[in-house]
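Peer 1: Residue-level listing of the chains:
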Amino acid sequence: MASLNHPADLKYSKTDEWVRVEGDQATIGITDYAQDQLGDVVYVEIPLAPGQQLSREQKFGDIESVKATSELVAPVSGEIVQINERLKDHPELVNEQPYGEGWMLVVKLSNPAELDDLMTADQYIAYLEGR
Amino acid sequence: MSVEPLIFEKGAPGRRAATLPALDVPAEPLENLVPPHLLRQEPAPLPEVSEIEIVRHYTHLSQRNFGVDTGFYPLGSCTMKYNPKLNEDMAALPGFAALHPLQPESTVQGAIQLQYELEQYLAEIAGMARVTLQPSAGAHGELTGLMLIKAYHEHRGEGHRNLVLIPDNAHGTNPASATLAGYRAVEIKTDPATGGLDMDRLRSLLESQGKQVAAIMLTNPNTLGIFDRNAVEIARLVHEAGGQLYYDGANANAVLGITRPGDMGFDVVHFNLHKTCSTPHGGGGPGAGPIGVKEHLVPFLPGPLPAKDEQGNYYWADPGPLSIGKVRANTGNFGVLVRAYAYIRTYGPDGLLRVAQSAILNANYLRHELASDYEIAFPQVRLCQHEFVATAQRQKQESGVTANDIAKRLLDFGMYAPTIYFPLIVHEALMIEPTETETRETLDYFVKVMRQIAHEARTNPEIVKTAPHTTPVGRLDQALAARRPNLRWRPGQERTHGLGQP
Numbered sequence: 002m003a004s005l006n007h008p009a010d011l012k013y014s015k016t017d018e019w020v021r022v023e024g025d026q027a028t029i030g031i032t033d034y035a036q037d038q039l040g041d042v043v044y045v046e047i048p049l050a051p052g053q054q055l056s057r058e059q060k061f062g063d064i065e066s067v068k069a070t071s072e073l074v075a076p077v078s079g080e081i082v083q084i085n086e087r088l089k090d091h092p093e094l095v096n097e098q099p100y101g102e103g104w105m106l107v108v109k110l111s112n113p114a115e116l117d118d119l120m121t122a123d124q125y126i127a128y129l130e131g132r
Numbered sequence: 002m003s004v005e006p007l008i009f010e011k012g013a014p015g016r017r018a019a020t021l022p023a024l025d026v027p028a029e030p031l032e033n034l035v036p037p038h039l040l041r042q043e044p045a046p047l048p049e050v051s052e053i054e055i056v057r058h059y060t061h062l063s064q065r066n067f068g069v070d071t072g073f074y075p076l077g078s079c080t081m082k083y084n085p086k087l088n089e090d091m092a093a094l095p096g097f098a099a100l101h102p103l104q105p106e107s108t109v110q111g112a113i114q115l116q117y118e119l120e121q122y123l124a125e126i127a128g129m130a131r132v133t134l135q136p137s138a139g140a141h142g143e144l145t146g147l148m149l150i151k152a153y154h155e156h157r158g159e160g161h162r163n164l165v166l167i168p169d170n171a172h173g174t175n176p177a178s179a180t181l182a183g184y185r186a187v188e189i190k191t192d193p194a195t196g197g198l199d200m201d202r203l204r205s206l207l208e209s210q211g212k213q214v215a216a217i218m219l220t221n222p223n224t225l226g227i228f229d230r231n232a233v234e235i236a237r238l239v240h241e242a243g244g245q246l247y248y249d250g251a252n253a254n255a256v257l258g259i260t261r262p263g264d265m266g267f268d269v270v271h272f273n274l275h276k277t278c279s280t281p282h283g284g285g286g287p288g289a290g291p292i293g294v295k296e297h298l299v300p301f302l303p304g305p306l307p308a309k310d311e312q313g314n315y316y317w318a319d320p321g322p323l324s325i326g327k328v329r330a331n332t333g334n335f336g337v338l339v340r341a342y343a344y345i346r347t348y349g350p351d352g353l354l355r356v357a358q359s360a361i362l363n364a365n366y367l368r369h370e371l372a373s374d375y376e377i378a379f380p381q382v383r384l385c386q387h388e389f390v391a392t393a394q395r396q397k398q399e400s401g402v403t404a405n406d407i408a409k410r411l412l413d414f415g416m417y418a419p420t421i422y423f424p425l426i427v428h429e430a431l432m433i434e435p436t437e438t439e440t441r442e443t444l445d446y447f448v449k450v451m452r453q454i455a456h457e458a459r460t461n462p463e464i465v466k467t468a469p470h471t472t473p474v475g476r477l478d479q480a481l482a483a484r485r486p487n488l489r490w491r492p493g494q495e496r497t498h499g500l501g502q503p
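As they're listed, the protein sequences go chains A and B. Numbered by this note's numbering, the letters in the first sequence go through residues 2 to 132 in order. Numbered by this note's numbering, the letters in the second sequence go through residues 2 to 503 in order.
Everything labelled a hint here was simulated from the structure, so no lab data went into it. Hints are supplied without guarantee of correctness; some may be wrong.
Straight-line C-alpha distance at most 25 Å; calculated BS3-like pairs for lysine-lysine [what the hints assert, rightly or not]:
1) K397/B to K60/A
2) K449/B to K466/B
3) K15/A to K449/B
4) K397/B to K309/B
5) K15/A to K397/B
6) K89/A to K60/A
7) K309/B to K327/B
Please model the complete structure; the sequences and the hints are all you need to start from.
Peer 2: Here's what the structure looks like:
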């Protein structure tokens, strides 16, 4: 756990997604812990398009590693602004830069109050340790 | 052992393994026999090799196989027990091997009798009323079983039931089968105290959505190797809510002769004959996944079912009007059924009980012996069943050695690896199932090797992280293979391994 990175300026969900808020938009990805648990990611599928509405806790895609396949779950509600198309050909970005080039979605927040339900980095680390 | 080239990479233009005799009938131009647009414009680049090249090639490939006949294969939840050669002899008898499935019944009395009796044995073992031998594998049995449950609910005017409850440690086929059958899978967590189903969660789910629940799918013992003592209570609760109980028979090796899914309250059960009844696991088939059902589901079974008339003649009885219809051509993978029949007859009731007892004893022995070097999942459960889950959590924290590394390192010692990273609820899982057919010496050797690997992880982790070292190829880049699969050889493609050894 010590070697993993969970930046203080992000919000975290119990399903291991992170959220970076900039204005009324939020970028979403999976945490360093999640990518470390999954191991080498081999496939990211997000069968959605910009303009579609996403609600909190809705499944927005699947991520497959050499170990397992998991669901990607929306930590906040909003309209999809952008999807990281590069992950189709370069799923390894999720392992290499989970908070950078490995991002997955940008949404326009429809209910910013939901952000209060997410965890801070410290809360997330405590949550992981209790898991 | 070096890397064996593909057969396409061997040989030389014009080389042949056989010389054909001169043509003694008039030659007919190909164009007169095959429509010209279907003819190749240039010859296919087939291998051109001599007989000895062919023989060596396939002999080399066969020597690279690893199976239960070669060494220990503790692949959890797969029950890689030895497959007695007697089964092969029986299946090869001309009276079985040379039959055609559509032969008149009067000429295949023995074959129908075998299936009639096998159905009875399996029904007895599982505590069920009847069994269909048709499904071709365990997952096919799951799908068939859920189709029966669906037909049953629909017949009772309860076709609205659309949920199937599945524990979070279930085999991945369970939610897949439920989805394929048109149901929605709902996950139930494992109780961290017992390793069994979270009963509070089950009760609250049944309370809130019980009228939607079509079935629950359970493996008992579950994939943690833990026998869920609440099985009877689970059956009562689910039945009260109007749902059915499906038993995933993948772990049936632990209960043979000890208890029966039917007695625990299950309505449908599948058998993996390739696990429990020592039929070959094959390279993906052929398999057999018979399912047994309680009386109320019998009218929905696929047909035909084997039957016997008053004169003692065997025949195939057509199913009634409520049958879901056939789920496979003919009556099942007959050759596999012969092997399972031979296995059950060889052991008999007392023998099958000893199979389960020995499988449980072997697993508990390994679990006990490995506990000093590896963390054991759910250590508070005193005894495991036919398998258990160890973890490489300690090794990963101390030296970065993962379950995957340990699995690869085992190959260097002539053994196959346990199932890794499953069940998903245990981090760095190593799921170990020794089966009943291994000797004490083999188990002790496995323990010795696992302890050595744990020692290496502490003192020389690199040797584990870079394993295997003694196999024909070393550590493969499994992520690259999945990200950019290169599955097809093309003429002129450069060889990437070796020195050009023919």
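Peer 1: Each hint needs a verdict: does it hold in this structure or not?
Peer 2: Hint check:
no.	hint	in the structure
1	K397/B to K60/A	31 Å, violated
2	K449/B to K466/B	19 Å, holds
3	K15/A to K449/B	40 Å, violated
4	K397/B to K309/B	60 Å, violated
5	K15/A to K397/B	23 Å, holds
6	K89/A to K60/A	18 Å, holds
7	K309/B to K327/B	20 Å, holds
The structure fails hints 1, 3, 4 (numbered hints given earlier, in ascending order).
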